[in-house]
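Asks: Line order of the protein sequences matches chains V and W. So the first sequence is numbered by this note's numbering: it starts at 1 and just counts up by one. So the second sequence is numbered by this note's numbering: it starts at 1 and just counts up by one.
Keep in mind that the hints were calculated from the coordinates and are not lab data. Where is the CB? At the ideal position from N, CA and C, for every residue including glycine. Fair warning: there could be bad hints in the mix.
Keeping only pairs whose Cα atoms sit at most 20 Å apart, straight-line, the calculated EDC-like set for lysine to aspartate or glutamate is [stated by the list, open to error]:
#1 K212(V) x D143(W)
#2 K174(V) x E164(V)
#3 K212(V) x D59(W)
#4 K163(W) x E35(V)
#5 K212(V) x D89(W)
#6 K93(V) x D59(V)
#7 K20(W) x D80(V)
#8 K128(V) x D143(V)
#9 K212(W) x D59(V)
#10 K179(V) x E153(V)
#11 K163(W) x E215(V)
#12 K212(W) x E153(V)
#13 K212(W) x D89(V)
#14 K137(W) x E127(W)
#15 K163(V) x E153(W)
#16 K128(W) x D151(W)
#17 K163(V) x E35(W)
#18 K212(W) x D151(V)
#19 K20(V) x D188(W)
#20 K20(W) x E215(V)
#21 K174(W) x E144(W)
#22 K163(V) x E153(V)
#23 K93(W) x E215(V)
#24 K20(V) x E215(W)
#25 K172(W) x D151(W)
#26 K174(V) x D80(W)
#27 K179(V) x E215(W)
#28 K179(W) x E215(V)
#29 K93(V) x D151(V)
#30 K212(W) x D34(V)
#31 K212(V) x E155(W)
#32 K212(W) x E164(V)
#33 K84(V) x E215(W)
#34 K84(W) x E215(V)
#35 K212(V) x D80(W)
#36 K212(V) x E35(W)
To give a feel for the contact side, a few chain W residues facing chain V, derived at Cβ under 10 Å [said to hold, decoys possible]:
#37 I88
#38 N101
#39 R115
#40 F117
2 protein chains.
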Amino acid sequence: MADNRMKDNKDKEISRAIIKRLPRYYRYLGELIDEGVEHISSSGLAHIMGVTASQIRQDLNNFGGFGQQGYGYNVKNLYDEVAKILHIDRIHKIVIVGAGNLGHALAQYANFERRGFDIVALFDRDEKVIGTTVGGKPVYAIDELTKFVNDNEVEIVALTIPKEAAREIAEKLKDTNIKGILNFAHTDLHVSENITVENVHLTDYIMRLCYKMHE
Amino acid sequence: MADNRMKDNKDKEISRAIIKRLPRYYRYLGELIDEGVEHISSSGLAHIMGVTASQIRQDLNNFGGFGQQGYGYNVKNLYDEVAKILHIDRIHKIVIVGAGNLGHALAQYANFERRGFDIVALFDRDEKVIGTTVGGKPVYAIDELTKFVNDNEVEIVALTIPKEAAREIAEKLKDTNIKGILNFAHTDLHVSENITVENVHLTDYIMRLCYKMHE
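All chains, please: the whole structure from these sequences, using the hints.
Replies: Have a look at this one:
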């Protein structure tokens, strides 16, 4: 089904907007599974997610529409289907560069495995932390990063380091086989065509909150 | 100028899209100031931000259009104007609930003051951390939270705690005078009409990255 989305530009655009919402669907469906809910109607899902039932039906129709009249959606099926579209139905290896507070927070973030991600190691240049473990994961010297990611088929590198260091590391990663960078440094990184970058700017959120508070 | 934006719904909608982009403008303008750049053309700004010059002109026209023909924008003026629109031209007091790794990372986040925010204290329920300091800020017992935020005119509470605890604390904050919650817990919080919530879901970013990597 997913491939149909790509058949023309208009479809692709629709898809992009939905993709942005998919992680949220995935989060809510995961909560429903935890609560033992097996089926849910579009209006039930709409209620807990704070959107309209027609939005839910429209979104879910786009990737197959698994609801049955008078029965609703099978929560587990829908959850698995969303995982498949997001490509998190298989595990992606991640390493974290920067074993500071944010690196620690990420490494110990609950439920990452459940969402298709496995943090395999951290990297730092501080001799004091190299050789230690964080959340059971080893911390290696930053010099070993590029060899490690290639040898271990790491797909994602999370950068929890200041911006100058992030730019330097991103440059080195150009020649590796990684596919994505999750960048927490206070700068937008642009690496190469082969490496997708997702920039996470914590200060942007607090500024947006501040604006909305005053509306 | 800013008030004109609210004059009808269409204007308001245009504004919302721009508001989303403003923190990014603010970040780039801040970098230009750091680099000693005093003036920049719309095409220069477009180039470093990876957008079109017409997008820049359109956006900036919406809040006054400070560019001068053949001279460009005064970087510092534009920076100050963006700050004003985002209401970060004055300091907002923040407390952080949860003195764990993410709380530490936030408390030590560089340049928060420069962006209109002052972290005044952290709160935790762990006896071992109560009474210590994080980045020079005191850690108090969670029981003192509601009294503290009212007594000290705290406007924003950042929640860096698990979701059950976050829901519980959010409930208690309903009766305080705070204006906003920055929620990092893995759940969407809805508090009350008087309190704006910005939910920051780190896992959503990594899922989106994963999807884009496979596109």
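Asks: Take the hints in turn and mark each one as holding or not.
Replies: Going down the list of hints, with the structure as the test:
A hinted pair counts as satisfied when its Cα atoms are at most 20 Å apart, and K212(V) with D143(W) does not qualify at roughly 28 Å. Using a Cα cut-off of 20 Å, the hinted pair K174(V) and E164(V) holds, with the two alpha carbons roughly 16 Å apart. Between K212(V) and D59(W), the direct Cα distance comes to roughly 18 Å. Compliance with the 20 Å bound is thereby established for this hinted pair. For the hint linking K163(W) to E35(V), the alpha-carbon distance of about 14 Å falls within 20 Å, and the restraint holds.
Proposed proximity of K212(V) and D89(W) is supported: the alpha carbons are some 15 Å apart, at most 20 Å. This hinted pair does not check out: K93(V) and D59(V) have alpha carbons roughly 29 Å apart, beyond 20 Å. Only pairs whose Cα atoms come within 20 Å are accepted, and K20(W) paired with D80(V) is rejected, the gap being roughly 31 Å. About 15 Å separates the Cα atoms of K128(V) and D143(V), which keeps this hinted pair within 20 Å; it holds.
The hinted pair formed by K212(W) and D59(V) meets the criterion: a straight-line CA distance of about 18 Å does not exceed 20 Å. Restraint check: the Cα-Cα separation between K179(V) and E153(V) comes to about 10 Å, which is no more than 20 Å; the hinted pair holds. Proximity of K163(W) to E215(V) is assessed by CA-CA distance (about 27 Å); at most 20 Å being required, the pair is judged violated. Under the criterion of a C-alpha separation no larger than 20 Å, the hint pairing K212(W) with E153(V) is consistent with the structure, at around 18 Å.
Proximity of K212(W) to D89(V) is assessed by CA-CA distance (about 15 Å); at most 20 Å being required, the pair is judged to hold. Restraint check: the Cα-Cα separation between K137(W) and E127(W) comes to about 16 Å, which is no more than 20 Å; the hinted pair holds. For the hint linking K163(V) to E153(W), the alpha-carbon distance of about 33 Å lies beyond 20 Å, and the restraint is violated. Between K128(W) and D151(W) the alpha-carbon distance is near 25 Å, which puts this suggested pair outside the 20 Å criterion.
Only pairs whose Cα atoms come within 20 Å are accepted, and K163(V) paired with E35(W) is accepted, the gap being roughly 14 Å. Restraint check for K212(W) and D151(V): the C-alpha separation of about 23 Å exceeds 20 Å, so the hint is violated. Proposed proximity of K20(V) and D188(W) is supported: the alpha carbons are some 16 Å apart, at most 20 Å. A C-alpha spacing of about 14 Å is found between K20(W) and E215(V), which places the hinted pair at or below 20 Å, so the restraint holds.
Distance check on the hinted pair: K174(W) and E144(W) sit about 15 Å apart at the alpha-carbon level, within 20 Å; holds. Among the hinted pairs, K163(V) with E153(V) is inconsistent with the structure: their alpha-carbon atoms are about 25 Å apart, more than 20 Å. This hinted pair checks out: K93(W) and E215(V) have alpha carbons roughly 18 Å apart, not beyond 20 Å. As the CA atoms of K20(V) and E215(W) are separated by approximately 14 Å, the hinted pair is consistent with the 20 Å bound.
Of the supplied pair hints, the one linking K172(W) and D151(W) holds, its CA atoms being roughly 15 Å apart against a limit of 20 Å. Annotation: proposed proximity of K174(V) to D80(W) is violated, straight-line Cα distance about 36 Å (limit 20 Å). Between K179(V) and E215(W), the direct Cα distance comes to roughly 11 Å. Compliance with the 20 Å bound is thereby established for this hinted pair. Pair hint K179(W) plus E215(V) holds up; C-alpha atoms about 11 Å apart against a cutoff of 20 Å.
Under the criterion of a C-alpha separation no larger than 20 Å, the hint pairing K93(V) with D151(V) is consistent with the structure, at around 12 Å. For the suggested pair K212(W) and D34(V), the alpha carbons sit about 28 Å apart, so the restraint of at most 20 Å is broken. Of the supplied pair hints, the one linking K212(V) and E155(W) holds, its CA atoms being roughly 13 Å apart against a limit of 20 Å. Only pairs whose Cα atoms come within 20 Å are accepted, and K212(W) paired with E164(V) is rejected, the gap being roughly 25 Å.
The suggested pairing of K84(V) with E215(W) holds, with an alpha-carbon distance near 13 Å, which does not exceed 20 Å. As the CA atoms of K84(W) and E215(V) are separated by approximately 13 Å, the hinted pair is consistent with the 20 Å bound. Restraint check for K212(V) and D80(W): satisfied, since their Cα atoms lie roughly 18 Å apart, inside the 20 Å limit. For the suggested pair K212(V) and E35(W), the alpha carbons sit about 30 Å apart, so the restraint of at most 20 Å is broken.
Given hint, I88(W) at the interface with chain V, holds; its Cβ is 6 Å from that chain's nearest Cβ, closer than 10 Å. Interface hint status for N101(W): upheld, as the beta-carbon distance to the closest one in chain V is roughly 4 Å, under 10 Å. The closest approach between the C-beta of R115(W) and any C-beta of chain V is roughly 6 Å, which is under the 10 Å cut-off, so the hint is satisfied. Annotation: F117(W) was flagged as interfacial toward chain V, and the flag holds, the nearest CB pair being 6 Å apart, inside 10 Å.
Hint violations for this structure: numbers 1, 6, 7, 11, 15, 16, 18, 22, 26, 30, 32 and 36, all remaining hints satisfied.
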